[in-house]
Each structure stands twice: as structure tokens, then as C-alpha cells.
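Visitor: Just so you know, the sequences run in chain order A and B. In terms of my numbering, the first sequence opens at residue -1 and continues consecutively. In terms of my numbering, the second sequence opens at residue -1 and continues consecutively.
Among the clues, some could well be false.
The list cannot tell twin chains apart, which means a pair is met if one copy fits it or any two copies do.
Distance condition first, Cα-Cα at most 20 angstroms in a straight line; then the derived EDC-like pairs of lysine to aspartate or glutamate [what the hints assert, rightly or not]:
(1) K196 / E186
(2) K176 / D442
(3) K176 / E451
(4) K331 / E194
(5) K176 / E427
(6) K196 / D440
(7) K176 / E406
(8) K335 / E41
(9) K335 / D259
(10) K155 / E406
(11) K155 / D513
(12) K504 / E450
These aren't lab readings, by the way, just hints derived from the structure by calculation. Since the structure is predicted, the reported quantities are computational estimates derived from the model, not experimental observations.
Protein chains: 2
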Amino acid sequence: MATLTMDVDPAGGLMDDYELKLNSYDLGVDIELADAVQRLRFEHPEVKTVVLRSGKEGVFCAGANIRMLGKASHGHKVNFCKFTNETRLSIEDASENSGQIYMAAIAGSAAGGGYELAVTADHIMLIDDRRSSVSLPELPLLAVLPGTGGLTRLTDKRRVRRDRADIFCTAEEGVRGKRAVEWRLVDEVVPPSAWEAKVSERALELAARSDRGGGRGVMLTPLERVISDAAIVYPHVRVALDRAARCATITIQGPSEVPGDLRAIHDSGAAFWPLAMARQLDDALLHLRLNEPAVGLIVFRSVGDPAQVLAADSLLEQYQTDWLVREIRLLLKRVFKRVDMMARSLITLIDPGSCFAGTLAELVFAADRSVMFSGVIADTTLHLSALNFSGLPMGNGMSRLACRFYGEQNSLTSAAGLIGETLDADTAEAHGLVTFAYDETDWDDEVRLILEERASFSPDALTGLEANLRSVGPETMETRIFGRLTAWQNWIFQRPNAVGEAGSLKRYGSGVRPDFSQERV
Amino acid sequence: MATLTMDVDPAGGLMDDYELKLNSYDLGVDIELADAVQRLRFEHPEVKTVVLRSGKEGVFCAGANIRMLGKASHGHKVNFCKFTNETRLSIEDASENSGQIYMAAIAGSAAGGGYELAVTADHIMLIDDRRSSVSLPELPLLAVLPGTGGLTRLTDKRRVRRDRADIFCTAEEGVRGKRAVEWRLVDEVVPPSAWEAKVSERALELAARSDRGGGRGVMLTPLERVISDAAIVYPHVRVALDRAARCATITIQGPSEVPGDLRAIHDSGAAFWPLAMARQLDDALLHLRLNEPAVGLIVFRSVGDPAQVLAADSLLEQYQTDWLVREIRLLLKRVFKRVDMMARSLITLIDPGSCFAGTLAELVFAADRSVMFSGVIADTTLHLSALNFSGLPMGNGMSRLACRFYGEQNSLTSAAGLIGETLDADTAEAHGLVTFAYDETDWDDEVRLILEERASFSPDALTGLEANLRSVGPETMETRIFGRLTAWQNWIFQRPNAVGEAGSLKRYGSGVRPDFSQERV
């Protein structure tokens, strides 16, 4: 059992020591939480239950600093919510898929982002001391939504009746005691005398559900990263910035060799290529999100030997029941979801010497468009592996290929028949795996045109377009959080009632009530 | 077969004769289209196929006037899109449920809103004359989205592959000929020589799929409506405006008597209470949306004999296979969906003398909160009918009660056992059918507090909250259009890149290119 204790602000549930550091994209407690969740998974295979608890002042809170929200740019607010949502979803991923099950033990006040964190847990306990409560006071206090998943989890996960959810979300003071259970806001209330014993008991019960085996953890060693003006360079990932063209090119370097067996994978630890590459790509994506807002276009390229990427994929398939391999697969899944959620245009170029195979081919299918070189040079190939069909689902639960061929079952079946084959550009295009194939006569001009045209459009309209087109088929709680809830929150984050000089985010804490325009739209 | 010919603007696909008249909420061609679709259903039972065709200049277009979008308030833009979306969905409702099947025959250019209208049809034909094309040029021309369902229908209905959809939505010139078929943008292209014959042939094929029987239509007589400063009064619906409290009270008058049999229903025609009430309520809702933006709160009340409402429901159940009764049920369904989509807080008060029974009880379940009087006066009752469980689904395909008890199957089953019973406040509250019951000691104060508190919150935050809480459970193409696509469009409609002085909507047609801020969020 591990306990994560939340940061505390004695002033009343809002963190004070929060600082906005764009260059190191420090999101304060949220970065710390994301890091802790990640480390627990890789470094502590023995931990089966994680208890989220209040800090020493009894405040259970990990959410936005309101001063930050009041001062930050619109883009930073949106990025903050997106990152926080991704972290909350990674907690649910740990409980569901990793055998590391989260519970929340609330003694004190779980308000706003704190309660939004609590509802990510599989079990929520609230001490029944006539004082401790849960609340989502965002609307009455700040005129914004509980936008890091809170609203959607109330209805879709906790199944709180909508009129009760309406009352809960408009009541500053929150709900406590038996009503909190009756309304399904928490799973149980416990008298103070039995509190610690009951928390331990529940933690053990949850642990009994876990299939996590224990063993020796893998240390997540610090990332090697060199940031210069025009590039961010990691061992396996290189980001080249062309700010004039508003374009970042991310080149993934394939593995030069892979371990021979499971034991060698464990010995490699954080240096095992899929794990190392995933962590580096993840870091690069977050860097671009927060530090390069004017870069509207990401071009994915790769360099290396496709056979080695496929060999790594084979290891991930062969040993998928091992806890570490499972964690690596789950991390890859989350990193590619981070790609899907980039509010940037994504173009993948498959050119000579590239290694878009299996796992890396996900960057072809995640892209808004992909183009493949079909010239006389022979070494331009695309390769599918089993991981392209399961193991790396999008937020809607479907593989990127199944989304691509949504409603075209024949195309999906025919793609599955290509696993392991070496596909040239014409074959890939004929099977619908890439958007277009161009030979040497057209390649340079066509690629240049795509990039130039993309840079000429409105960034906002592109963000909206991509958010819609990347999302097909069924919706899940996760897609509803990013699609419906986040889109509404982004809208509200621009409205004068929230961010204007007389709006609630600006006036919060000043003692002056906000002035609202009363127009409904 | 009926043919609806679209308005024409010889200048290039954008209507010129469009006028924004808020007081009569004239949405120009969109009101005309909505009216035509409605009349075809009720007045022409003999029409089995409706062909959407280009006007005399070959332009197939029914969408926003760009000058309107450039000048209108944010609220009006949002309302315009919502109404247009509702109309497009009513076309699909006619094809799917009413046996009046729409097809689109495009000879010329179907651009933007025109193509968004075409994709509502069950079958799309495009003439292959090297000139006619389909396009969604909103993004490159206007820096907004094809926001009246276009994007969602591309992916979810037409199943266009996402990279092709990306190209289509960023290409001003659109797609024509064989590629339009290959990309599934249209169902067939037809050479000019065979055009008229093929259009007729397809219309007859679709008609053969229809179960519509013919007979004598029911004329939709003009609504009786008296608008004064503080009220809008129809025979069965009264809207009382209290602008100081930002509140509109809509009181529905139940029927005083109902026809004895199917023939009497047909003889009553537009005077049959469910049809008359639905049309009046629909009109009142649209009036409030467009003419009273500062009224943030709608209170539903009713007056009448619940037994008569239930008698009307019985007729709608008993004769549901009759074409007219089917149309009335479908209209009621659409009107209650319009209620769900109101960007206003909805509170239903069940007090002495009310008749919230069956159909009208949908206003209890559509409300964000409902309160019921539990005092000594005996005539405060709630009644369920079969229509509360099927026949009046929300946009997600579920009944309002099933959404209310989402994940609480027992509560839903237990409610079904109450059909036909007379429920007092305590019983209704115990079964979760109303939010709270109050007796005479508390009623006045509690109701006043709810209304005053609601009026004190930010209208934008409430709109976002309600849009999320009213939507639980599965998502459909319809809910994705209103939830995901519309929310993004609303966001874009506020961004300086679209609506700023240098934005695309302001500069469109001026010959000056818009200046975009390049920040991605």
C-alpha cells in the first residue's frame, strides 16, 4: 500500500505555493502528481493499492491555482486542464489495467479539483465528523466548470442523478455525511473512531483484487535532454524547430538492437528502447504544448531499421503478461493518446531510411495526413504488427486503424492480413494506410504545399476541425471529457463573465463580486 | 414526390436576400426550410420522397449568410447554428421514421451549408459535368467549422476516412466526379444526358421503401399568438415574462376534452390538443431563444385535468400506427428535444391544479430541477404514461426517465410499475421522480430561493453545466453534433481569428486577407 498525500493550503483549499513556470512547464502539484503516479507503476511493482489522502491540514486538493487561472493566457488554461485530465485518466488506467488500485480517503474538505481527483478512485471514503465534505464549487465561486472531468464523472461514472448533480455543482458548501452516500458522491462514510482501521481494511480488500505480482522495480532515471534554440534533443527523439514555418519536426530514432529475452528487458530497465522512446516522446510533446504555442504543425519522421522496431514489438507481444512489459505497453498507449490530443496539425512523412513499423506506425495513423515516398529508392517501407490492432487503443477504446476504417470492415480485415509484410508506397496507398504516395517528381513540391497551406489557416479553426475529425465512432467517458466537457470549458474560459476585468476569475479573492452579463446564448 | 428547390445566389453560393429580423426570429431560408419540412409531413401524407435540388442558377445552398455571421452577436450565431441543426435533424427524422425519404440531386455547386444540407439526405446524386462539385469551404474561407453537423456527418454518417475528410474540409474548390464517390462524399455521379431520368428513377426507388400510406393531409393553420410586453399568449401555452427576475414562466393548459376515436382526431386536425400544444410550445421556445436572451430561467407550470392529458396519451398510444398520430408523436419528440437544447435553466413546479401527466410529465424530467407541492391541498399529482418510457426519446435515443435513472435499473423498473397511478408528492419524491417535495411551510421560500440563486450565477457557466449534466449515457451522431461540434464552433465563434476586426468573418468579401494570431491552444 502506498499513500499519496495531497498538498495543503491552510487558507482554504486553494494552493498558494503554485508557480507558473512556462519554460520548464512546471504545473506544480499536477506535475508532481503525474510523476508520482508514473513512478509508482514502474518503480513499485509491489504496491497494489494507492490511497489518496488529505494533507496535514485536512485539505484534499489538487487542482488549479485560482490566481494562475486568473492570470494565465487562454492557451495555458486549456493546456493545464488537458494535462490534468490526462493525469486523472492515467490514475484510472492504473486501477483498471495495472493492478495498482486507487482509493480516496477524505478526512477534511475535498473541494473542486480535490474532489475531481477523488472521483478518479475506485472507492471513496469520507469521514463522518460533521465537518468533512465533498464539493465542486467551481460554478458558484469562479463561474467556470469542474472541467478536469468532474462533471462527466459525476454522471457517467458515479451515476449521480442529474438534478442532484445540478444541486451539488451549484452549492458552495458541498455535501457531507449520509447524503453524500445516498447521492453516490462517495461510497461510504465512516465514523472518526473507526477511520484508520477502515481505511486499512479497504486498502487490503482492493489489494486482494489486484493481479500485480511484486518483484524488483525499474527506476525511471532522469531524462537526457539538451534544449537549444532550434532543437530539443533526446537519445531517441529529436525535435527540430522551424519557427518561421511554424513547424516542429519530431524524428524518432529506431532501436539499434533489442534485448534477447525477458530477463534482458528487465536488466535494460529504463534504457529498453520502447520505454525510453515513449518517455522521451512524451516529454517532447509536453514541451511543445506549453513552450511553443506558435508552432502549429508537427511533422513526424523516423530513422532506423524497421526490423529492429518489429523485434521490439515482438518482445512486447511475447511477454505481455509480465508486469513490466504490461506497464510499457500501457505507457505507449498513453503517449500515443497524448499525440491524439495535441492541438496541432499532425503530418507524418514516410521517406527513405524511415522505420515506421508496428508501434511507430501508430504515428502514421495518428496523423491528420500521411504521405509516403514512392520513388525508385528502395528503402521506404511501412510495416504493421499486432500492436496496431490491439494494445494501443485510442480514448474511444478502438485502435487507430479501426477508427481509420470505421464502417469499412473489409479494409480493416485486409490490413490485418498485411501484418509482418514489407509494404511499399503503392501497396500502402492501395490499402488506404497512407493518404497519398508521391514519387521523386512530386515529393518535394507536394510536401512543401501541404506544410505551407496548413500554416496559412486559422489555428483555432484547425484545432476545432482536428478535434472533430480525429474522433469517430463510439464515445467513452474519456472522449466525452475531452470532447464535450473540455470544449465547453474552453468556451467559458474566453467569456467576459469568467475572464473579463469584472469577471469571476479576475475578481476572485478581491472581496468584490463579479459583474455578469446576463445574456444567454 | 416533392421537390424542394434551394435558394439561389448568383454571386457564388451565398444568399443575398437574407435579412436578420430578431423580433420575428426570421432566419430566412432556414425558417422557410424548417416550415417546408414540417408542412410536407403533415399536409402531404401522399409524398414519399423529397428531392432537394439546386435552384435555377445551379447553386445548392442553405446555410448562414456570411454577412449575418459577421455582424450578428455571438448569441445569435449560436442560436442560428442550433436551429439549423435541429432542422437538419428533422429531415433525417422524416426519412427514418416518417416514411418521407429525402434525397439530394446536385447539379451545380453544393458548398458549405448546401452540402451540409445534402448530407442529411439518404441518397446523394451529383451530376458529372466537370463543373458541379461538393465542398465544405468554411475553414479556408471563413476560419470557422462546417458547424451545422457537416463534420460529424462526414465521419459518423458518411464514414469518410479522416485524412480524406481533412483534405476535403481544407480545400476551397471541393471534390467532384469519381473522387466524390470514391471518398463517399456522394453516392453516385451521373452523366448529364442521364440526369433527369436517373433522378426520377432514384426517387421512385426510395418511395418503394416508404410505408407512408397517403390519405388526406392536415393543414397546419397559422398559430394564434398575441405578443405583448410581458406575455406571449397562445390558446394552450402562456409565457409570462419577468425580466427583472430574468425569468419566463411557461404555463401549459391541458386539454378540456379529447376526440373519441381516430376519425375524430383527423377531423380535429391542427386543433387536436397534442398537435396544437406542441406547435405552440415550439414557437414559444424559439421566441424565447431569439428574442429574450437575458431571460436565463424558464419555469414550467401546467393547469388542467390530468385525466384529459392521459386520455390524449391513450389516443396517441392506441392509434400510433396511423400516419397522422405517428407524425404527432414525432413532433412531440422533436419539441421536447428542443426543450433539452434550451441554453436556459429549466425548473418545473408541480403545484395545486397542475396536470403534469404522461406527455406533459416530460417537462418534469427535462428540467434541471423539479419541485412538487406536498401540502394539504389534495389536487397536486404526478402521473406516468407509456409515452414516458418510449416514444419521446432524447437525442441519445433514451427516454428522459432512463437517463434520469441511468445506471439505476431498479428505479426505472419501479417507475414503470407506476404507470397510470396517481402519485402524490411524497410518493413521487420517494421514487426519485422529482427533486424535492415541499409543504406549505417551505414551498414559497424554497421556490423563491431556487429562482433567486439561479439568477445570481454566471449564465455562461450555467449553460456549460447544463449542457453536460443533461447529457448522460451513450452518445449518438445527434448528441455529438450538439455536444462536441457545436461546443467547438461556439469557441471558435468567439476567437479573434474569426470575429476580431482583422478576423475572417469581418474581412470576408473585403478583398483583404484576415490576420491570424498564430497561437495554438
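Visitor: For each hint, tell me whether it holds in the structure or not.
Guide: Hint by hint, here is what the structure shows:
1. K196 / E186: within (10 angstroms within a copy, 67 angstroms between copies)
2. K176 / D442: Neither. Shortest intra-copy (67 angstroms) and inter-copy (27 angstroms) distances fail the 20 angstroms Cα cut-off.
3. K176 / E451: Answer is neither; intra-copy 59 angstroms and inter-copy 25 angstroms both fail.
4. K331 / E194: neither (36 angstroms within a copy, 52 angstroms between copies)
5. K176 / E427: Result: close only across copies, 17 angstroms inter versus 60 angstroms intra.
6. K196 / D440: neither (69 angstroms within a copy, 39 angstroms between copies)
7. K176 / E406: between (51 angstroms within a copy, 19 angstroms between copies)
8. K335 / E41: Close neither inside one copy (23 angstroms) nor across copies (51 angstroms); limit 20 angstroms.
9. K335 / D259: neither (28 angstroms within a copy, 59 angstroms between copies)
10. K155 / E406: Classified as between: cross-chain Cα gap 12 angstroms, same-chain 31 angstroms, threshold 20 angstroms.
11. K155 / D513: neither (35 angstroms within a copy, 43 angstroms between copies)
12. K504 / E450: neither (39 angstroms within a copy, 24 angstroms between copies)
In summary, the numbered hints that this structure violates are 2, 3, 4, 6, 8, 9, 11 and 12.
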